[in-house]
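Chain B: place on chain A using the hints.
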Amino acid sequence: MLPILSLIVLIPILFSAVTFLTKTREQARISALVGTLITLVLTLYMYFSFDSTTAAMQFEEMANWIPSLGISYHLGVDGVSMPLILLNAIVIPLLIIYTWDDVRSAPNRFYGLILAMQGAVIGVFVALDFFIFYIFWELTLVPLFFMVNIWGGSNKKHAAIKFFIYTHVASLVMLLGIFGLYFNAWSITGSPNMDMAHLISQFQFFESGGLRDAIFLALLFGFIVKLPVVPFHSWLPDAYSEAPTAGSVLFILLKIGGYGLFRVMLPMLPFTATPSLMITIMGALGAVSILYGAFLALAQKDLKRMIAYSSISHMGYVTLGCAGLVSLSVSGAMFQQFSHGLIMSIMFMSCGVIQTATGTRIINELGGLAQKMPKLTVIMVLGFMASLGLPGLTGFIAEFLVLTFSFINVPTYVIIALLAIVITAAYHLWALQRAMFGTFNEKLGEIVDISSYQTLSMGIIALLVLYFGLNPSPVLDMMITNSEKIVSLMAVMGV
Amino acid sequence: MDLMLLAPEITLLVTGLAIVLMGLFLSGQSKKILGYIATLGCLVALLFTLNSFGTTAVMFSNSLSIDALSQFFKLVFLTVATLVSIAAIKYTDGNGNTDEFYALTLFATIGMMMVASANDLMVLFVAFELASLATYGLAGFEKKNPASTEAAMKYFIIGSLSAALLLLGIGYVYGTTGTTNIEAIAQNMGLLTSSPMGILSLVLLIAGFGFKIALVPFHMWAPDTYQGAPSVVSALLAAGSKKMGFVAAFKVFITGLIALQADWQMAFAILAVITMTYGNIVALSQTSVKRMLAYSSLAQAGYITMALVVMTPMALTGGILYALSHGFMKAGAFIATAAVVYMATSENKDILKADHLDSFKGLGKRMPITALSLTVFVLALSGIPPTAGFMSKFVLFSSTIESGLVWLAVIAILNSALSLYYYARVVRYMYAMPAEGEKVSEPIPYVVALLVAVAGVLAIGIWPEPFVNMAMEAAKVLIPGGM
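If you read the sequences in order, they're chains A and B. Start counting the first sequence at 1; every next residue gets the next number (the numbering used here). Start counting the second sequence at 1; every next residue gets the next number (the numbering used here).
Misleading hints may appear alongside valid ones.
Facing chain A, a subset of chain B residues (Cβ under 8 Å, in silico) [stated by the list, open to error]: (1) P386; (2) I413; (3) S416; (4) L420; (5) A424; (6) Y431; (7) P464; (8) E465; (9) M472.
Hints in this document: simulated from the structure, not taken from any laboratory. We put the beta carbon where it would ideally sit given N, CA and C, even for glycine.
Isolated chain A (complex conformation) (with noise of 0.2 Å):
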């Protein structure tokens, strides 16, 4: 049996190391390309031997690491990762082809990052050891860090400083927490151990209630933040709009903070001492991200920043569907994730080709592209649509699963969430109407449409967007099993 789990976190990264040593832009791209397609080829084979009746994890791999810290080397995966895995492995090559005939400056240490940032992310996903998941949520940092701070945009220093000491702190909270569970369960045990199953299942035997909910918040913010959902998300915006396209979609691709959310939140919240408390927590920031984000997405002059807010709208559907606690409004936060990633790939591919047509995001400068790069148009529109959830599309099934099925157990927040949708209608229809219809702003000058690398790059995401739209079953189905399970618990205490 193959490792298959190191593999597809090793791959990504042994190619990075070899796209970094690459001296021209062909070697490095091809390198890209070829670790990625890899990676991809042991990801289709793992999602099509994946069994998705069973919660339980799958693939496992388990060696000893640091025994006398309890720490070991476990991955698995199970209805919670696999899709977000297929997700990154599919994107990120189209990725790759998408910024084919981008000329930038040294490109084997763009692809290189790319690569680094594949690992670091699917690492997220596959740990099952709090220490190996600290580790690669870390990692994840420094790609970014870089991508930004040398390709991005004029306001890109601060962008990047402010990314990573914002998400850096809030990781040192999460570390806080993950420590709180740690000594605390070494103390029951006896023995240290930092397993993810093990601690979370320690959890509910710790003696003091208020120990059990400081450890909660801990995490919980450290997850928020990254996620990230009002008030921790001002450093999204200008760490998304300031970034080169490809470090934007790889931003979007960082799904690690509602990761956190279904594999140790959900989990440990029966187990708080106060979880009706923790309950509304978690729906009052989902609901309130998801009216402000629409509201600032309305009021941007720039295309890339409305997409950045309505990111942290779109990500309240994350926090909402967790907090509405029952199987299907957190399958439903599960696919939010998957479809998010997919959608805003396209916005922000979109988005990067207007720039480099017309030189301006501003939506005021723009006007009838589709006059002029008609096939961009098409995929635009399909991405845009979906992110405003038109039936059909992935994003509706995520939010309408999320809308419906939470209001079961909150339905106060819904019913805030559910203004939010007139807004996205109106901020989307009205960008794309400004930006793309209507009469062609001759300003502008020559403008070419796609090339056929981004059309065949983007064309593919926008055909995943309408099959998971029509079908969803393929991740729907092992999103469910999973959080059936991890509903289950939740009813066993009575929450």
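Frame of chain A; chain B shown alone:
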């Protein structure tokens, strides 16, 4: 008594003396060989130490003890000395005083190693002075560079003052307990606690060690000295001789003065917090990389001091592991700076400005290996996994939480996050700023030293088990029966 246990010290001594002798006969270019001899001597001593790791013995009427603790710190000192010797091959190239540089480095290292073994306050003091006198000379090695001379002067005057305070403290301890043997002091602890002399000696000893460790407010010499001294010497000071202060403090306070624990523990807690916060805040505004590293070194000392406050076996393991990690990270960072300074001065940049952040612009293009190594070191210093810095902070900070001192851990963690800002700035200069000048060929000795240090930083980060175990063994010497 088995003299083989002193083989590492004897090896260094013989090498050092041989270098002095050879220096008399060699001239000019042929002196280059001395660097290789010194490196070889350090490596042999390193092997001897590794080979006998875990052996326990006392010698010379219980004035020296060989145990896991002293051997662990010997490994730290020898590692730093090896890195410095390799890097200095380029630095001393063409300098007429090559022999003195290496002889002093080796003698300083012997002094540090003796401190690690010392079981008696008098031996400890003499070893301290051996190391200090040698490093005073090294700090002023660039006689024509006013900054270097100033560094040596400040270091010498404040060092002598601290030696005097230390000696006075030792005098009070002797006066009260009638012995200078650290274990015997612990047995006579009743005498110390009942006498006001106890507190007085404590204050003097904290001040004396505080100077060596560069704890705020006893740190005034450190930024100027680290900045003014040649970068390879700064590596030796920050990565090596500072650890000498720590091992001495561990021994004297935990083994000898445990009776006064309640008094010194609080003092060290306050000093740790002040030191890490002050170091980090001042480091934020530095434009000289060496000065930034000096202040960051204060902050790092603050973290290690936490081990002394928490004082559980796991915290001491963390502190000891941190000492080794810091040896690699800090020595590496200073050696990388040395390479940059070398490049800048060979391009006729003013020596006083050679370590300015501007010299690091576009270094990723100009000196790719140096830049990449320095990136690894600063990321390690800020505690990003999978590096030695993360691993040691992990053990140290988590043990602080375990023992209930959550406030201290939170302050340390916030400090650690703050430090990321100035560390990341160096990385930004190296990779995100356009290069001024062409790609330069990186001197081989610097590259070798850097790669060794990178290997060390990553090894502790990725496969920490053997290092953690060794550090645990060392911690057991201080607190027997723990873990």
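Right, here's what the structure says about each hint:
Contact between P386 (chain B) and chain A, as hinted, is supported at the beta carbon level, the nearest pair being about 5 Å apart and thus within 8 Å. Given hint, I413 (chain B) at the interface with chain A, holds; its Cβ is 5 Å from that chain's nearest Cβ, closer than 8 Å. Given the 8 Å rule on beta carbons, the hint for S416 (chain B) holds: about 7 Å separates it from the nearest Cβ of chain A. Annotation: interface hint on L420 (chain B) holds; nearest CB of chain A at approximately 6 Å, less than 8 Å.
Given hint, A424 (chain B) at the interface with chain A, holds; its Cβ is 6 Å from that chain's nearest Cβ, closer than 8 Å. Against a cut-off of 8 Å between C-beta atoms, the interface hint on Y431 (chain B) holds, since the closest Cβ of chain A lies about 6 Å away. The beta carbon of P464 (chain B) is positioned within 8 Å of a beta carbon in chain A (closest approach about 6 Å), and the interface hint is therefore held. The beta carbon of E465 (chain B) is positioned within 8 Å of a beta carbon in chain A (closest approach about 5 Å), and the interface hint is therefore held.
About 7 Å separates the beta-carbon of M472 (chain B) from the nearest beta-carbon of chain A, less than 8 Å, and the hint is met.
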